[in-house]
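**Q** We have chain A; now place chain B onto it with these hints.
Residue numbers (this note's numbering), protein chains in the order written: chain A, 2 to 486; chain B, 199 to 324.
Calculated from the structure, these hints are not laboratory results. Please note that a few of the clues may not be correct.
To be verified - Capping the alpha-carbon separation at 30 Å, the derived lysine-lysine pairs in DSS-like fashion look like this:
1) LYS190(A) - LYS316(B)
2) LYS206(B) - LYS455(A)
3) LYS212(B) - LYS417(A)
4) LYS234(A) - LYS314(A)
5) LYS385(A) - LYS212(B)
6) LYS240(B) - LYS190(A)
7) LYS228(B) - LYS442(A)
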Amino acid sequence: MDNRVIFDKTTPGRKTNYIKKPDIGIKKPDELLPQETLRNDLILPSLGELDVVRHYTNLSRLNFSVDTNFYPLGSCTMKYNPKINEELAALCGFLNIHPYQPEESIQGALELIYNLEKILREITGMSRFSFQASSGAQGELTGMLMVRKYHKINKSKKRKVIVPDSSHGTNPATSSMCGYETVVVESNKDGLIDLDKLSQAIDNEVAAVMLTNPNTLGLFEENILAISEMVHKAGGFLYYDGANFNPLLGITNPALMGFDVIHLNLHKTFSTPHGCGGPGAGAVGVNDKLLDFLPCPLVNKEDEKFYFNYKVKHSIGKLRAFYGNFSVLVRAYAYLLRLGKEGLPRVAQNATLNANYIKAKLKNYYNTASSKSSMHEVVFSCVKQKERGISALDIAKRLIDYGMHPPTMYFPLIAKEALMVEPTETENKETLDYFIEAMLKINKEIDDNPQNIKDAPHHTPVKRVDEVKAARNPDLRWQCKKIGA
Amino acid sequence: MATLKFSKTHEWAKIDANIAVIGISDHAQKALGDIVFIELPKIGAKLKANAQFGTIESTKAASELYSPLSGEVTEINKELLNNPQWVNESPFERGWMIKIKVENSNEPSSLMDEAVYKEFAAKEAH
Chain A
2 MDNRVIFDKT TPGRKTNYIK KPDIGIKKPD ELLPQETLRN DLILPSLGEL DVVRHYTNLS
62 RLNFSVDTNF YPLGSCTMKY NPKINEELAA LCGFLNIHPY QPEESIQGAL ELIYNLEKIL
122 REITGMSRFS FQASSGAQGE LTGMLMVRKY HKINKSKKRK VIVPDSSHGT NPATSSMCGY
182 ETVVVESNKD GLIDLDKLSQ AIDNEVAAVM LTNPNTLGLF EENILAISEM VHKAGGFLYY
242 DGANFNPLLG ITNPALMGFD VIHLNLHKTF STPHGCGGPG AGAVGVNDKL LDFLPCPLVN
302 KEDEKFYFNY KVKHSIGKLR AFYGNFSVLV RAYAYLLRLG KEGLPRVAQN ATLNANYIKA
362 KLKNYYNTAS SKSSMHEVVF SCVKQKERGI SALDIAKRLI DYGMHPPTMY FPLIAKEALM
422 VEPTETENKE TLDYFIEAML KINKEIDDNP QNIKDAPHHT PVKRVDEVKA ARNPDLRWQC
482 KKIGA
Chain B
199 MATLKFSKTH EWAKIDANIA VIGISDHAQK ALGDIVFIEL PKIGAKLKAN AQFGTIESTK
259 AASELYSPLS GEVTEINKEL LNNPQWVNES PFERGWMIKI KVENSNEPSS LMDEAVYKEF
319 AAKEAH
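Isolated chain A, as found in the complex:
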């Protein structure tokens, strides 16, 4: 394929004239527009229409998505997004409403937000939700800003936030954004929170402990109730990073585990599309302690009418314009209605089963980061492969040749040569077997033809890139050569 950008494909003077020149008088731009708004220095490419069509059609064929291929990117929950979600989000009653419309004219949209909140409350055990945040990270920030304001109003001197060393990078980042010092607690041998080390780290200055459960190694924190007791005794909050909520759906919930404030990634667990900065939705749920701190507005109901409630006593304010990414909420609601109470636990069970199937088939060839049983994802530690000269990165690159998205690499940081595989519940056995077979072939290829792995990928328009050079001397912008020069 010709990989040049469209500007490099230009031939001065070339164009396609399918439309006949009009026989009426045409005004030139400088007759219509003020002089200072006119420019002559834009270097636009000249191409025939067919060249342009081929250029963009070929680019579109390079798209890689869960709609085209297996995408086991750990911690991202790249499940299939049912197409019915898209159809419903595109209904003109949802699509064509405007945020400045009067409340009376958008009662249906408000009812949807209200009902979605009701379902999420039931699933998580939380008291209320805000849908302002447009990503998981922004959801975290929302949650921790509420924690900070709570402590401020109650005049408790808190300066620290505790995270485990297996945490998502966004957790310490959120803590820093809120002005707290982050204290990292080491995990124990099994990859779970070390209770002794946690109890040493907890004191009255701890504002919150931020946890993911199951954690980033895909393990359920068995001591969650003891952890919850410790944090609460010290006057801190327990924050739930909902990135890994998928395997708990309809089985247990964060409230039962003692979490006070949570975020859910609707674009992960609830099947709304991911990627490229959104649009996502980080729904933030709180228990009664933080009710008065939620961002406004909330959607309330009174006398069979839905309305925006801006009267939240200690509200942290707004996180973004209007009410969040509404069309994402429509998709999540459609997904939940379709699955119902019976369907949700099956999602959790199949996600867990699929991860453990891969683990069982590969564990004799690739070490696992923990001997404990996995939930929705399995972390392999490719140390045996590394000893034979092939790194987790090489394996990830070679998987691309099999038409699969590489798993998350080198995360969590506590696992060496980590490959974090999250198949999700929506993959069938044949796909899982194909992945397993590819991993076994690569393991064998290490002995037969290691150079072939080091040079991978072979079947992509862009071959192995120099990641070190790209990071040290990034060349981020295509620069225009003067046409004809």
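**A** Frame of chain A; chain B shown alone:
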């Protein structure tokens, strides 16, 4: 005569009188892989032992740098900021990061000497 000491978080300190030069160990640079970015404190910053003094980023991950000793930063390796690969090429010489004026002369005794550290690092690799 300078003494070389190591912390559990894989930083080294070369201590001569009350000045300590600080960097990361050969084991640490190997584990991190190709270093692409380093962030160091300002001269005059007051560091506490075991507290973060900077950030180091490789193609794999970003990690914190922890000071093995308490003290005030007297010098930083400015050239290293533009040549992060020196940490890989020469972790104990050109890859030094900061110099500090040691605050507590008893602190170095809590660190590991080279033989003990080598054993510690070898154990951690498995």
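**Q** Give a verdict on every hint.
**A** Hints versus structure:
no.	hint	result
1	LYS190(A) - LYS316(B)	holds (21 Å)
2	LYS206(B) - LYS455(A)	violated (33 Å)
3	LYS212(B) - LYS417(A)	holds (29 Å)
4	LYS234(A) - LYS314(A)	holds (26 Å)
5	LYS385(A) - LYS212(B)	violated (35 Å)
6	LYS240(B) - LYS190(A)	violated (37 Å)
7	LYS228(B) - LYS442(A)	holds (28 Å)
The structure is inconsistent with the numbered hints 2, 5, 6, although it conforms to all the rest.
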